[in-house]
Amino acid sequence: MAETFLGPVIEKLVELSYEEVKSLKGVHEGFESLRYKLEIIQWLLKDADARLDKGEDTSDTLKTWVKQVREEAYHIEDIIDECLCYVAGHRHQDQRKILRFFRRISFLIQSLKRRQDIVSELQNCNRSLSKIKGRAETFGLRPLLEQESSSRSPTNVEGHDPRLGSLSIEEDELVEIESLSKELTGKLVKGTSTRSVISLVGEGGIGKTTLAKRVYNDEVVKGNFDCHAWITVSQSYNPEKLLLAMKSQICPTVEYTLGEFNIEGLIIHLRQYLQTKRYIIVFDDVWKEDLWEIMKYALPSSNNNSRIIITTRNHTIANSCEEAPSDFILELKIWPPERAFELFCKKAFRHEPFRGRCPEELEQLSRDIVSKCHGLPLVIATIASLLSTKEKVELEWQKVLDNLNFRIYQNDRKLTRTSKILSLSYHDLPYHLKSCFLYFGVFPEDYCIIDSVLYQMWIAEGFVKAKEGKTLEQVAEECLNNLINRNLILFAKYGAEEARVCRVHDLMHEIILSKADEWDFCQIMDGEKSIKSTGRVRRLSIQGNVENVLETIEDSGLRSVFLFGFDTLTETFMANLFKKFKLLKVLHIESCSFPQDFNFPKEVGKLFHLKCLCWFDIPKVKAFPNSIGKLYNLRTLCLSRTDICELPVEINNIQNFRHLYLTYADSSFYQNPYKYTGLRIKEGIGKLENLQALELVHVQPGVVNELKCLVQLRTLRLAKLTKEMGRDVCASVEKMKCLETLTLISANADEVLDLEYISSPPPNLKFLCLFGRLPKFFDWIQESQNLQLLGLYDSRLIESPLSRLKDLPNLAKLILYNAYDGAELHFEEGSFRKLRHLALMCLKELKVMKTDVGALPLLERLYLWHNPLMDEVPSDLQSLGNLKSLDIVDISKELVMRIQPSDGPDNFKIKHVPLVYIGFSESNVMYKLGDPDLLEYLQAAS
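Going by my numbering, the sequence shown opens with residue 187, and the numbers climb by one from there.
Treat the hints as calculated values from the structure; they're not laboratory data.
Among the hints, erroneous ones may be present.
In silico SDA-like pairs for lysine to any residue, Cα to Cα no more than 20 Å straight-line [unchecked claim]:
#1 Lys-519 to Glu-364
#2 Lys-806 to Phe-780
#3 Lys-253 to Glu-225
#4 Lys-1020 to Asn-1053
#5 Lys-223 to Ile-318
Simulated restraints on C-beta separations [what the hints assert, rightly or not]:
#6 Pro-949 to Glu-1058: 49 to 55 Å
#7 Gln-841 to Glu-757: 28 to 34 Å
#8 Val-579 to Glu-757: 26 to 32 Å
These figures come from a predicted structure and were not determined experimentally.
Glycine is no exception: its CB is placed at the ideal position from the N, C-alpha and C atoms.
Take these sequences, add in the hints, and give me the full structure.
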């Protein structure tokens, strides 16, 4: 966790303008010396971090040393930030003073509050760091290379792999993996004759090792192969030792010792031996892509029906092993409630007289406990085993339920082992990703956050570092994708553009809170389960009403404050918050109640360092004060479910401003987008030349021409457009060469979007949504070769757009909503080669959907909604062999009966589709085809 608190400080020292400080005697040298010492201590911290993670050193003295480093780093950061605050406070008074500021040390000494002498402060800090560095030698700490520190052994303090418990679940308890076992066994003993790699991927505790072990030990499977090897890889591994372990299981009679040959020699040895053999090899618990890059050369791909199983938590690793058509990825999902409950009962009530059956009086409590395990079989088995030793009475069960979230960190050995298993993914993270992952701790349990907002918070905190050729947002997206691929972050998509909302599993949330407490990463206050840090913290999350909270928090050096669910926030409270925590970088306020006459305090303008301001679900506040224009470093303003309809003109003075988001996270937007007025933008917006996102804004006719100055925009969503504004909008869009997402919404469904004046579309345009009447289909749309998503709403085109779109090379999702007034849509042979999602909705004149053989080869999801004249399911659907899901809404009840899977004469058209859903507007329910509830509804309706 060294990166969490040292990284931002070192970065500030590096970026500090030496042109301004080097002339100050003692100051420049002080900053240089601080940076040098901190860089050394940073590497020592990583060694300490690794030792504590592995359990090699659990001493309080080492933890105290880490805390001392953190405290001193925060002290240095406070000096720098308060200095910069002063500069900002005097910038508007006398610009010439700023130029003289760093040259006149006497001026600096007189001006810095609580600093008698900046040089003396720096000297004190340097002396403290020297002592801290010296104390590190007493612990035997040494600078640790990044690549060494990120590869840690999973062995716990008892000296064995904590995952071994996953191999001990009894055979009769494997209630959920029976079908998966059959599927996997079939892949092993049947199918292609070429070598096949099967990757089992899923989060920790999901049962990957258990499933692999079951099929590996199956007599039918074993009898199908000449050679067998089970290799446990884990986080820290030696390729030579793994190859030797493979050799000892495959050909034990051939003598060979470690070090006799190099890795290349071992690979040749194994490859020659296996060339004519049918083998099965399991690599369990793979954490790094380079393992397969080595091992695959030892495993020949001759046509002997050989099989390789890889278990991993990381989707990226699984994807990297999928090199041939015969390779296969099986993703394990969390267990459904009834299966999870069945496993729980088998474990918790395994002794007489229960025989795996739950007593009636304990059933509800047991189900509540199982729900806390969230479908993870290893966690279910561990909790149930603990309860099997308890008295079977409600009082004991209730105690476990009440303390379950915290019991995992107590001394009970079983639960500690479970915690270690789930924590392995955290310990494996690179240092910069640890900070990103722990950041989910500031949000309440099960909280979902939009990915684009999360990126801005990470950037504001300093977790994301610039990379050549990439924006900070792109680097942040890489970080999130990495966490998702490691199964640490869960996500769902919403909206036409499939934005991601992210959260962490509840069990991971508890682990995060434990780590956050250990490292003083954040302080949580919710009145009940508060984490009250003993040291200085940079982040405070207040969840619900907390009495006298401002008086309780002594540390004024907070950089991030999150407020969730306050009943009443007064002007006085907010003003005092801004005054006390003047060094804030992130301020997030959500679902809080304000008095009806609340006025946003002007003191917000004193938050010079504020970079990210989020204002969610607060309807009563109507406006921000003009002082918001003083937030010199503000990068992101995110509003959601708020009554704020315009921003002060002063915001156009913030040259660092990058992102203005007005988000929506529900389907109601698409039902009536025209009711959303957006944020009214005033004259002067053109001055924000660094703006990258302008989301759902209402631009007045006199201002729309200024948009052409915003050439750095990547996201643009405009509302309430009129036909007369079309030419200026087109002129602006043409200049936006970086634009990736464009949404244009007319004033109402009948207002024309006149967009024919775009001669060449933005080269990077990926997502395009147009709401409103289109006089014709525009040529520039089909010229957008990078387009991945196209949504046409209320376009009411007379001619079919398909012939103009069919050859777009990257189009993956197409939505036609009241977009075409014709009777037929014809998908020609070879058209739409990349399309995966197709939605045909509210096409009032559509009667026929015709699909040629060879069209839509990758189509996975098809939506046929509210098309009243389409009186039969297209028979051409039989040619869509990749179709996985079909949603049909508002077709005749007679037609529904004709496609029933039991005796429906038209079922042959769709029987190849795994999931078919039927819906009716009047019931507002989607039924799975064949569901008895659907038949019951149809009978009642008739």
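Hints and how they fare:
1. Lys-519 to Glu-364: holds, 14 Å
2. Lys-806 to Phe-780: The hint holds at about 7 Å.
3. Lys-253 to Glu-225: The hint holds at about 17 Å.
4. Lys-1020 to Asn-1053: Judged against 20 Å, a Cα distance of about 25 Å means the pair is violated.
5. Lys-223 to Ile-318: Status holds; Cα separation ~10 Å.
6. Pro-949 to Glu-1058: 49 to 55 Å: Taking Cβ atoms as reference, Pro-949 and Glu-1058 lie about 43 Å apart, which means the hint is violated.
7. Gln-841 to Glu-757: 28 to 34 Å: holds, 29 Å
8. Val-579 to Glu-757: 26 to 32 Å: Taking Cβ atoms as reference, Val-579 and Glu-757 lie about 53 Å apart, which means the hint is violated.
Checked against the numbered hints listed earlier, the structure breaks hints 4, 6, 8; every other hint is satisfied.
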